[in-house]
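Just so you know, the protein sequences line up as chains A and B, in that order. Sequential numbering from 514 applies to the first sequence in this note's numbering. Sequential numbering from 514 applies to the second sequence in this note's numbering.
One should not assume that every hint holds.
Since the list can't tell identical chains apart, any single copy or any two copies may satisfy a pair.
Unchecked claim - With a straight-line cut-off of 16 Å between C-alpha atoms, the simulated EDC-like cross-links for lysine to aspartate or glutamate are: (1) 559 - 629; (2) 585 - 570; (3) 599 - 882; (4) 898 - 801; (5) 990 - 714; (6) 559 - 625; (7) 548 - 654; (8) 831 - 886; (9) 559 - 626; (10) 970 - 582; (11) 621 - 669; (12) 604 - 573; (13) 584 - 570; (14) 535 - 746; (15) 962 - 996; (16) 671 - 625; (17) 831 - 884.
If you're looking for bench data, these hints aren't it; they were derived computationally from the structure.
Number of protein chains: 2
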Amino acid sequence: MQVTSGPDRGQKESLGITVRKKDDLSEWYTQTVLKAELADYSSSGKGFMVIRPNGYEIWELIRDFFDSEIKKTGHRNAYFPTLIPKSLLEKESEHFAGFNPEVFWVSKAGADELADPLAVRPTSETIIHDAIRNWIRSWRDLPLLLNVWNSVLRAEIKSTKPFLRSTEFLWQEGHTSHSTEEEAAKEVMDILILYKRIMEELAAFPVLIGKKSDREKFVGAVYTTTLEAMMPDGKALQMGTSHQLGQNFSKPFEIRFLGENGEMRYVWQTSWGTSWRIIGSLVMIHGDDKGLVVPPRLAPVQVVIIPILFSKKGSAEKVLQRCSEIQGVLQKTGVRAQIDSRENYTPGWKFNEWEMKGVPLRIELGPRDLEKDVVVFVRRDNGSKTILPVGEASAGAVELLSQIQENLWSKAKEQFESSIHDVSSYAELVGVIERTGGFVRSFWCGSPKCEIDVKEKTGADIRAIPFDQPDNVGESKCIVCGEPAKNLVYFARAY
Amino acid sequence: MQVTSGPDRGQKESLGITVRKKDDLSEWYTQTVLKAELADYSSSGKGFMVIRPNGYEIWELIRDFFDSEIKKTGHRNAYFPTLIPKSLLEKESEHFAGFNPEVFWVSKAGADELADPLAVRPTSETIIHDAIRNWIRSWRDLPLLLNVWNSVLRAEIKSTKPFLRSTEFLWQEGHTSHSTEEEAAKEVMDILILYKRIMEELAAFPVLIGKKSDREKFVGAVYTTTLEAMMPDGKALQMGTSHQLGQNFSKPFEIRFLGENGEMRYVWQTSWGTSWRIIGSLVMIHGDDKGLVVPPRLAPVQVVIIPILFSKKGSAEKVLQRCSEIQGVLQKTGVRAQIDSRENYTPGWKFNEWEMKGVPLRIELGPRDLEKDVVVFVRRDNGSKTILPVGEASAGAVELLSQIQENLWSKAKEQFESSIHDVSSYAELVGVIERTGGFVRSFWCGSPKCEIDVKEKTGADIRAIPFDQPDNVGESKCIVCGEPAKNLVYFARAY
Chain A
514 MQVTSGPDRG QKESLGITVR KKDDLSEWYT QTVLKAELAD YSSSGKGFMV IRPNGYEIWE
574 LIRDFFDSEI KKTGHRNAYF PTLIPKSLLE KESEHFAGFN PEVFWVSKAG ADELADPLAV
634 RPTSETIIHD AIRNWIRSWR DLPLLLNVWN SVLRAEIKST KPFLRSTEFL WQEGHTSHST
694 EEEAAKEVMD ILILYKRIME ELAAFPVLIG KKSDREKFVG AVYTTTLEAM MPDGKALQMG
754 TSHQLGQNFS KPFEIRFLGE NGEMRYVWQT SWGTSWRIIG SLVMIHGDDK GLVVPPRLAP
814 VQVVIIPILF SKKGSAEKVL QRCSEIQGVL QKTGVRAQID SRENYTPGWK FNEWEMKGVP
874 LRIELGPRDL EKDVVVFVRR DNGSKTILPV GEASAGAVEL LSQIQENLWS KAKEQFESSI
934 HDVSSYAELV GVIERTGGFV RSFWCGSPKC EIDVKEKTGA DIRAIPFDQP DNVGESKCIV
994 CGEPAKNLVY FARAY
Chain B
514 MQVTSGPDRG QKESLGITVR KKDDLSEWYT QTVLKAELAD YSSSGKGFMV IRPNGYEIWE
574 LIRDFFDSEI KKTGHRNAYF PTLIPKSLLE KESEHFAGFN PEVFWVSKAG ADELADPLAV
634 RPTSETIIHD AIRNWIRSWR DLPLLLNVWN SVLRAEIKST KPFLRSTEFL WQEGHTSHST
694 EEEAAKEVMD ILILYKRIME ELAAFPVLIG KKSDREKFVG AVYTTTLEAM MPDGKALQMG
754 TSHQLGQNFS KPFEIRFLGE NGEMRYVWQT SWGTSWRIIG SLVMIHGDDK GLVVPPRLAP
814 VQVVIIPILF SKKGSAEKVL QRCSEIQGVL QKTGVRAQID SRENYTPGWK FNEWEMKGVP
874 LRIELGPRDL EKDVVVFVRR DNGSKTILPV GEASAGAVEL LSQIQENLWS KAKEQFESSI
934 HDVSSYAELV GVIERTGGFV RSFWCGSPKC EIDVKEKTGA DIRAIPFDQP DNVGESKCIV
994 CGEPAKNLVY FARAY
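For reference, chain A alone in the conformation it holds in the complex (with noise of 0.2 Å):
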């Protein structure tokens, strides 16, 4: 779909998105993501990028639901330094040994040479479990629940792709304390459903929810639990873990608190975090050969509204006067709305252009809708068109968003339950990751030698071990050894 520049753009450029999602994946992607201008390349090296306003209003949508949630169940919001000294990195040994490699350190402050390195933060459990010593000191102070919003580094040595694998990204991480270890499980469980809704209710994609291989967990966690998302090209994607952390930080940091019995005992913590793959993966999931395709929940303009103008100025001045009446009446009721009423572009070319952006549902209105009263809708899911009676745009437009969002989560429940793959041999589950990659569901021995197998032959690994285990799971074999099965699990290459 190539689509030629506006009548007065002074150069003919390739706006339109130039391959199909079908045919490169990749490329489609990219050229989705730079032309919608969510984001953009940076100058400071490899994975760095810039994420523009129409990405960072996706952003803050995301924010918004999940930091009110969380304030419901007494989260709250704090901020810790960006720099953390190496000393206090490596107080907790397999988190340091972790981390080490894809860390960026500072070792001049100015013209000074620091004498204990500093390292970008790649994850704050060390410098936030450093503070909170001195703030816990009785069961009173307990549970303490913080969350912050803010950005991680890692070097990264992969390819790097906008969203979905970059060396900085933004992120919440939660990090919380509790007097036993029943409620900090109970933590972690309740920040992975809320992590789930924002998929499920906001983005209109399911995900695979469970726990990860000790092998695949978090380092310094007891245990990780993880949502996992399918790309169209069959490969998986971690969209957020949930940590119990156990006492493997409270111990090396000493964050004791005194009992309701006088006795003084170390605490048990959580972390989670979440971050902007959530945009990447809506790119990926809902997007078509026209470019981006926003669910209406996450969408910073959910209706645009394109004046359809005739040279009679007389009309022309009419028709901006209904958008802007039908724009009002749409805030009100909540509604998103935007006009575009910029002049030297053809109604088609601003068609083009915000279906490129993915906005939802478009408003066409001209002097003949203006005489027979109506607002045209169309869907930019399905392309259909709805012609509804002025008096009823608002409610018509709340009922179209509804539909979209419903549709968009449909059609990508349906691919994502395709995408699963019962296997009963091992030369089966290397076929089906090899041909048409997905999630490959079956039993495994528990042992990290079986996992290393699968991992060394097919690229894939253990992207979740479901919390509900069938019935059969003790008579079932290792897909790959033959011994008796301690899971059905989930394999799957990944970005």
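Following the hints, position chain B against chain A.
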């Protein structure tokens, strides 16, 4: 004011502020910030601090106000990388020379030495200008009005103080590009006036506005406008700056656009920022010997409801029930209300704690108030009591909060005005700066030589050159050299 610990805290500790504000402002300030749990020191090194939820929630209120105001005028948020290549930072040479001594330098990513070192952003002009060069093509892409909420890092050599002077601080930085110099100049002023509204209407203290001298302007700017507050110790504090960058960055960064007449021109740019210093200033200005006093419009908790419980179980339940009803009514009116129903703490202990934390209004509610169907309000700013019928609780709270906001503003304004001194000789200027501090308003010839002379003799510099100059400038003499004056200016020592 020494407050002993609650009955069940396990150990006695000093919860109140142990020095008087007028006896030792610096110690009083530090204790207030730490004990009201606005902030804490961190282990990241000199001048790094943690902002705790009580402080961060004030920042959220400032952010929400400013964010929604700039969005009304078409500004949009974005995000740019934390790390900036040295080669980019060097592009505007004065800018680089100015920031270089306080930059944190990243030299390694994992184990790899970087060929081009990366600066942890001290401000984002360079990385932003580098990116937007590709976004601006014609006059239709202008104005480009961007804003970023992030943190910046500047290695501090001066003595540091939480919120007032810290190595890393949260702020917003606006970066705009315009097609004409006039439009950029208007943007500089519009933002300055919006900043002024934050200080006056939200934080309830006055500021002086004007231009900086060339010596004090932002490195790389054509001119810098500023807002200057006055602290109780007679030292000024710069609360925000808004810069006309002219074409100083657009030329080296080659940010050009096709004008309406077909010619290529360089854009005119502005940048502007304000930070969490606002929090430090309001502590300094409004606080008293009991601790923090937060102006209602920036108070995360505006009303704390404290049940007065006695052992009679039946009445306790009714009291708590009534507290909860009142909280509901207040929240419905948009008042941020919280109940402190913690057991094992006496009402008196709670009164002291919430006073120290600066909550503007307290409701005390016991069985006798229940019988009489009244609510007792106590104001934080002046300790006065107001008893109102329960039915008037909500209207009463709104009215009292508005009175408190007004009272804090009036007191701050009076203090501010009394800090301004007119002097008739250089000796008098030196005397005032050394004895009382505050602003010294006097005439200046415009030469850096005289400016430096004052700085060297007194430590004071020119904080602002007011936009409105008096008529008699032409007939006046420089306070330092006696040559004809160019401007009336304000000298002060500063944080």
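We went through each hint and held it up to the structure:
For the identical chains of this complex, residue 559 and residue 629 are inter-copy neighbours only, at 12 Å across copies versus 26 Å inside a copy, given an alpha-carbon limit of 16 Å. For the identical chains of this complex, residue 585 and residue 570 are inter-copy neighbours only, at 15 Å across copies versus 23 Å inside a copy, given an alpha-carbon limit of 16 Å. Within a single copy, residue 599 and residue 882 get their C-alpha atoms no closer than 67 Å, and across copies no closer than 57 Å, so neither meets the 16 Å cut-off. For a Cα distance limit of 16 Å, the shortest separation of residue 898 from residue 801 qualifies neither inside one copy, at 18 Å, nor across copies, at 65 Å.
With identical chains, the CA atoms of residue 990 and residue 714 are never at most 16 Å apart, being 37 Å at best within one copy and 70 Å at best between copies. Proximity of residue 559 and residue 625 under a CA criterion of 16 Å is satisfied inter-copy only: 13 Å between copies versus 27 Å inside one chain copy. Proximity of residue 548 and residue 654 under a CA criterion of 16 Å is satisfied inter-copy only: 15 Å between copies versus 49 Å inside one chain copy. In this homomeric assembly, residue 831 and residue 886 come within 16 Å of each other (Cα to Cα) only inside a single copy, at 12 Å, whereas the closest approach across copies is 58 Å.
In this assembly of identical chains, the alpha carbons of residue 559 and residue 626 lie at most 16 Å apart only when taken from different copies (14 Å versus 26 Å within one copy). Proximity of residue 970 to residue 582 under the C-alpha cut-off of 16 Å is found in neither arrangement, the shortest distances being 42 Å within a copy and 56 Å between copies. Taking the closest pair of Cα atoms, residue 621 and residue 669 come within 16 Å of each other only across two copies (13 Å); inside a single copy the shortest separation is 22 Å, beyond that limit. When the C-alpha separation of residue 604 and residue 573 is checked against a cutoff of 16 Å, the pair qualifies neither within a copy, at 34 Å, nor between copies, at 32 Å.
Within a single copy, residue 584 and residue 570 get their C-alpha atoms only as close as 21 Å, which misses the 16 Å cut-off; across copies the closest is 11 Å, which meets it. Taking the shortest alpha-carbon separations for residue 535 and residue 746, only the intra-copy value of 9 Å comes in at or below 16 Å, while the best inter-copy value is 68 Å. For the identical chains of this complex, residue 962 and residue 996 are intra-copy neighbours only, at 12 Å inside a copy versus 87 Å across copies, given an alpha-carbon limit of 16 Å. In this assembly of identical chains, residue 671 and residue 625 lie within 16 Å of each other by CA distance solely across copies; the values are 15 Å between and 33 Å within a copy.
Taking CA atoms no more than 16 Å apart as the test, residue 831 paired with residue 884 passes inside one copy only; the shortest distance there is 10 Å, against 63 Å between copies.
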